[in-house]
Every structure is written in C-alpha cells, then in structure tokens.
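In order, the protein sequences belong to chains A and B. 222 is the number that my numbering gives to position 222 of the first sequence; each next residue is one higher, with no gaps. Throughout, my numbering is defined as the position within the second sequence, counted from one, plus 1000.
These are calculated hints, taken from the structure and not from any lab test. This list has only true hints and no planted wrong ones.
25 Å max Cα-Cα, derived SDA-like pairs, lysine to any residue:
#1 B:K1111 to A:F328
#2 B:K1167 to B:Y1197
#3 B:K1111 to A:G329
#4 B:K1208 to B:A1175
#5 B:K1111 to A:G302
#6 B:K1167 to B:E1051
#7 B:K1167 to B:G1193
#8 B:K1208 to B:E1236
#9 B:K1167 to A:A301
#10 B:K1111 to A:C269
From the structure, some residues in chain B lie toward chain A, with a derived Cβ separation under 7 Å:
#11 E1102
#12 E1249
#13 R1250
#14 H1251
#15 I1256
#16 V1287
Built from N, CA and C at the ideal position, the CB exists for glycine as well.
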Amino acid sequence: MWHIEREGLGRLIRLLADRGYRVIGPTVRDDAIVLEEIEGLEDLPAGVREVQGPGSYRLERSNDGRLFDWAHGPDAGKRFLFPPRERLTEIRRDREGMRVGPAPEEDDRPLALLGLRSCDLHAIAVQDRVFMGLDERYRRRRERAVLIGVNCAVPGGTCFCVSMGTGPRCTSGFDLALTELADGFALEVGSRVGQELRDALGARPASEDERAEVDAIATAAAERMGRTLDVSDMPTLLYRNREHPRWREVAERCLACTNCTMVCPTCFCHDVVDDVSLSGDVATRSREWASCFSAEYSWAAGVVVRESHAARYRQWLTHKFASWIDQFGVSGCVGCGRCITWCPVGIDVTEEIAAIRATDGAVEVRTA
Amino acid sequence: MSTTELREPAAQPEGRPMRIAVIQRIVPETPESSTYWMTWRGNDGEGYAFEAGQFNMLYLFGVGEVAISISSNPMHPHHLGHTVRHVGRVTNAFRNLRPGDEIGVRGPFGKPWPLHEAEGGDLVIVAGGVGVCPVRPAVESAMRNRDRYRRLILLLGARTPDLLPYKDQLDEWVALMERLGVELHLTVDEAVGTWLYDIGVVTTLFPKARIEPARTTAFMCGPEVMLRFAGRGLRELGVPAERIYLSTERHMECGIGLCGHCQLGPYFVCTDGPVFRYDEIAPLLEVREL
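Extracted from the complex, chain A is given alone in its bound form (with noise of 0.2 Å):
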C-alpha cells in the first residue's frame, strides 16, 4: 500500500490526460453525482453528500471539501465501456447495390474511469463476461482502459453489496484503488498499468497507522450497508417461484418505466435500429440499450410475449438474480442498489426476493 497527497490525484488526472486519456470522474450536474469527463481536481464533488432511498436521490452539503463521502449517482462504467447509443456500420446503397462500410469514426482516446466503487469494478468483471468474447468494441475500449477504484466510507441506504460479495472494498478487477483519508490518498496497485502510474506520481510507502484507517474504513463501511440480502439458494428459489403471486402484486406498482435497467450497471439488453439519411442512400445501423420491461422487447412472430408488468419484472428479477448464474457463472446482481433508488415508485429487490422466500413455493390461482 502507497501513500499520495491530496493534490496527487489532481496529479493524476492530468497525468491520464497527458498520455491520451479520455479522463472519466464524478462530478455534480443536475443535482446528482454523475460521470463525465473532468479536468482535474477541481471537477470532483468536494463536501457532497448523498441521501439515497427507495425511489429517492437527494445531495446535501457539508464544508469539509471530501471528495468521496458518498456512494453513487445513476452512472457506472457501463455507459462508457458500452454507450447508451453507438453507430456500428453504416451501409450505402447506390447503383452498384448495397454495400456494408466501416464503422463509423468515434472518440478514440482510451479511457480512464476513476471514482468507480468496488460494486462498479464487480459490473464491469460481469459484463466482461457477456461481451469480451462477442463484441470487438467493447473488447478494444475494455483492453486499453485505466480502472481506478475508490473504496466506499459512507456507502448508500440503498447499498448491498456485502450481500452480493462485491464490496464494499475493492479488491480486484482496478488498475489503482484509493482510500480517502484525512491528508490524502492511500493507493493501492492492481495492474502493471497501476505500478507505472504509482511510479509516475512518487507515491510512498504508506505507514502502518494509515493501512490499518484503510482497514477501518472498510469495516466500518461494511457495516452501514442500507440493505441486506440473502441469496442463498439461488438460481433454483425464482424458478420454482415462476407462479408466485408476488409478481403480480409488484406488478401492480411497477410502472414498466426502464429504469431499473437503465441505471443497472450489468443490464447488456439492446437493440440495433436504422436511421436513414434524407437523400436515401445511407442507412446507420445503432445500437441501443434496451429493456425488458418495454413491450416491444419480447415481441416476436406478431405478438408480445410479456404482456403483463408481472411476466416482464418476472423475466428481469429472475434474469438478474437467477438465470444469469446458468448463463454466466456468476450473479447478474452486483447489490449497488441503483435499481432501488432510481425506481420512481421505490421498488426494492431485496424487499421482493425476501417476499417470495417468506412464502416460497406458494402459487397464484387464475380464475380466468
């Protein structure tokens, strides 16, 4: 473990810009803390505080200038290493027929996300697994990208990752890990990438007394989760619930409004539609982050196969926390509990999955 001074991440930052990064931290718009390209120091959140709930997302103030004394706005990695909206090919048609051209051209600096927590380094690992062996633009903007994680001290009310084992602490998948202490950084080193950049910036050894606040941080973290959950038994307690009556009963308050998948950092569903130039002649073909609680999602061969609010939170509960294990070996949850905050009508996974165990096994009964 490594030592650097406050003004040593503003160091770094400019350092990633130097060598042609393209610098991604958090910052403030719109009232909640979001990922953006930042500048330097000055950029980052100083002295905010975050109030997180079930359908709630509020900022509050405070005059210490820490950076990092919150959890998490609706971003994570995800938007930037698989874009809400990306162009893939465009395809030109014209006397000689149709033709398939190049991508077309995109910001091409690598990037380095900093700021992201240990659930969001989780994310990133799972959604590997989906894409690294599919898709070659993930696969070059994950290959060259700098991870720089930043251990949780004052996790979220909707957090759970202790539940999922994803945190609070990172402990993989990071290039460099910091933890904020009083007159500084504690730096730790994941990567070869993250041994230079430690070197670049003269990082010291850090002392005994500031590993063992590193490990107190930590623990205390761990122990202010929001949320628990307990996913014992899991992929087989959402399969043999498939007819509980609890679907549709948060059916009835779920508005199918996407949310949940938008803000999910390991939700990979998208579309790829067609928008035609004015002239006719040029067809872009884009991806586009889809959801499954949308109708259209499921439609096939003429019909929408999830009709019901209860048959499409159904597909993405069970999706998340269960299937995922059979397609992916591991949980597509990773308990950040943006889906619980994002939520407009504050929807709980932990409160849903511990409702269908409470009653595990019970059926609906139709009567149409």
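Take the given structure of chain A and dock chain B to it, following the hints.
Just chain B now, with coordinates in the frame of chain A:
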C-alpha cells in the same frame, strides 16, 4: 485491464459479416406469408453452408434485421429460400421486395435439427402452420438420405388449408414421398373447399400414424400451444422425452447470444436453440408469458 474469466471467444465475433443476396423469385404461400428465393451476389456466398433448422438474420436496407429460419435444401446453400410471415415492421417491409432487389444476410445461426439422432430408427416430424417452414430442410435432408431411417413419418397441419405453406409443391411432394415410402399425413382444423385429407388438430393424426414409440425420434415445430399438446401426446404414446426435439420462437436480433431479447428461462434461443430437446424446454413452455 484485469479481466475475469470470459466466455469462449466466438469463432466469428460481431455475429458474422453481412453478405448480400439477390431476390430471384417470390412465391406467395398463405394470405400472410411468402417464400423469398435468393442467390448470393458475386462471391458473397463463399464458404456459406447451413444445416436444417438453422436461421439467418435478413436485413432490409434502412428498415432492419429479422430472424427467419431457412426453408430450403441444405444441399444447395447458394439457392436459399426463406418463408416470411408479414406480421411485424421488418417482415411487412418484405412485401415491397421485387425480384432483383438486394437484401443483407448474416448467418447461419442456431442449433440444427439432430437428424443423426434418428438414424436407424423412425423419424416423425410434426409441424403446424408456418411451423412447416423450419422443418422443411429436415424433410428434404431425410428424404435425400431415405435409407438412413426406418420409417419416415410427416404429420403436417394448419388451421385451414390456405394456411398450409408450399401447397404449390404438394402434388410433387406427395408423389415423391410415395415413391420413397414416406408416410405423409395432412390435416386442417377446419376444411373449406376441396380438401382431400384429414380434419382435426395435428395430434389427432398420432393414432393414424401408428407411431412406434421405442423406435421414434420426433421433431416438432409450430405454435406454442401445438407444441405443448403434441409434446404431451408423444410422451403419452411413450416416446422418450430425450428423443423429442422442438423448434421455438422468440424475438432474435443478434443471433449470437448478445442482445438478450430471445431469452427463454436460462436459454438464449438464438444460440442454445432454436432447436431444443423436449426435456430441456417442456417445463418452460408450460409457464405463461415466460
């Protein structure tokens, strides 16, 4: 930088390149479907081959892609037939195609019919309505290799005679099947006009076909309700669940298990299917709106 354990890299990432094909002939099949026969443009068909039961992603310029099973003979991968039912945005745009028009083709995708499983025994193919389209290549392959199977039984049905595809070839098929000793049974739920065959849902053909369960491997394709009843019917006759296969349908956009749309329980229909073994999938077909 550090990346965790990953899915096996695909042999052809990005879902296979888009090839261009040219529409040669359009054959109306039912009031809402037509078969589009196409050949490759230039060298675009180089290296292309498919197996019975697989599908292609067909692209219409500026409109989008749609997953359509291949209905033509796998022996002729340079002369492809896709029967398209005009029920959605992309499939309705197919109505505007004319011979000479170009379309994009990615594929083939998905698991094929396991024809080898049936070798040495009886192959029973049960299909309803447009479900006939994905089994047609299996029928053609089985007829070509007629000697590999003991009995070859085709049970085809539709709601009404006009909803049965490939009627223009029916006489030709009936003659060929008679010659090859293929047992063909046709039925419709409601007969209109001159219908020379059976009346009733496709499962009513089972007793008539005198299926011998111990020797039988069955392929089924059709609406989910038909699959449920035909599956149960075959099981009741004593056909083992692990020798019944069926082709399922879900919204497929990528063909490589990436876009997420085609999930059915733990499966991605585009890569784990569309052909599944009955025991893998039957419990899922019983769940509404899954």
